[in-house]
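Trainee: Produce the entire structure from the sequences given, and follow the hints as far as they go.
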Amino acid sequence: MSFSDDLPVLIVGAGTGGMALAHGLRRAGVPVRVFERDRTRSGGLQGY
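If you read the sequence shown in my numbering, its first letter stands for residue 1052, the second for the next number, and so on.
Be a bit skeptical, because a hint or two may be false.
To be verified - Derived Cβ-Cβ restraints for the label pairs, each shown as a range:
id	residue 1	residue 2	range
1	Val1060	Arg1088	24 to 32 Å
2	Thr1091	Asp1057	29 to 37 Å
3	Thr1091	Gly1068	16 to 24 Å
4	Arg1090	Leu1061	15 to 23 Å
5	Phe1086	Asp1057	14 to 22 Å
Hints in this document: simulated from the structure, not taken from any laboratory.
Fair warning: this is a prediction, and the values are worked out from it, not measured in the lab.
Quick reminder that beta carbons are idealized off the backbone N, C-alpha and C, glycines included.
Mentor: In structure tokens form, the structure reads like this:
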């Protein structure tokens, strides 16, 4: 199996962890796509 530089890493969830991961990957030159279920950014302050 070979990997292509053209394919982005898909991150599900734009919470703190997802965005930190996306930021780190982008800084390393890896293309990313972030998917979030909530439609608004302000609704993301949640705790579990």
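Trainee: Next step is simple, just say for each hint if it's right about the structure.
Mentor: Cross-check of the supplied hints:
Separation of valine 1060 from arginine 1088 is about 18 Å and departs from the stated range, judged on CB atoms against 24 to 32 Å. The hinted window of 29 to 37 Å between threonine 1091 and aspartate 1057 holds, with their beta carbons roughly 31 Å apart. A hinted range of 16 to 24 Å for the beta carbons of threonine 1091 and glycine 1068 is consistent with their spacing of about 19 Å. Under the hint 15 to 23 Å, the C-beta atoms of arginine 1090 and leucine 1061, about 19 Å apart, fit the expected range.
For the pair phenylalanine 1086 and aspartate 1057, the beta carbons lie near 19 Å from each other, so the given range of 14 to 22 Å is met.
The structure does not agree with numbered hint 1 stated previously, though it agrees with all others.
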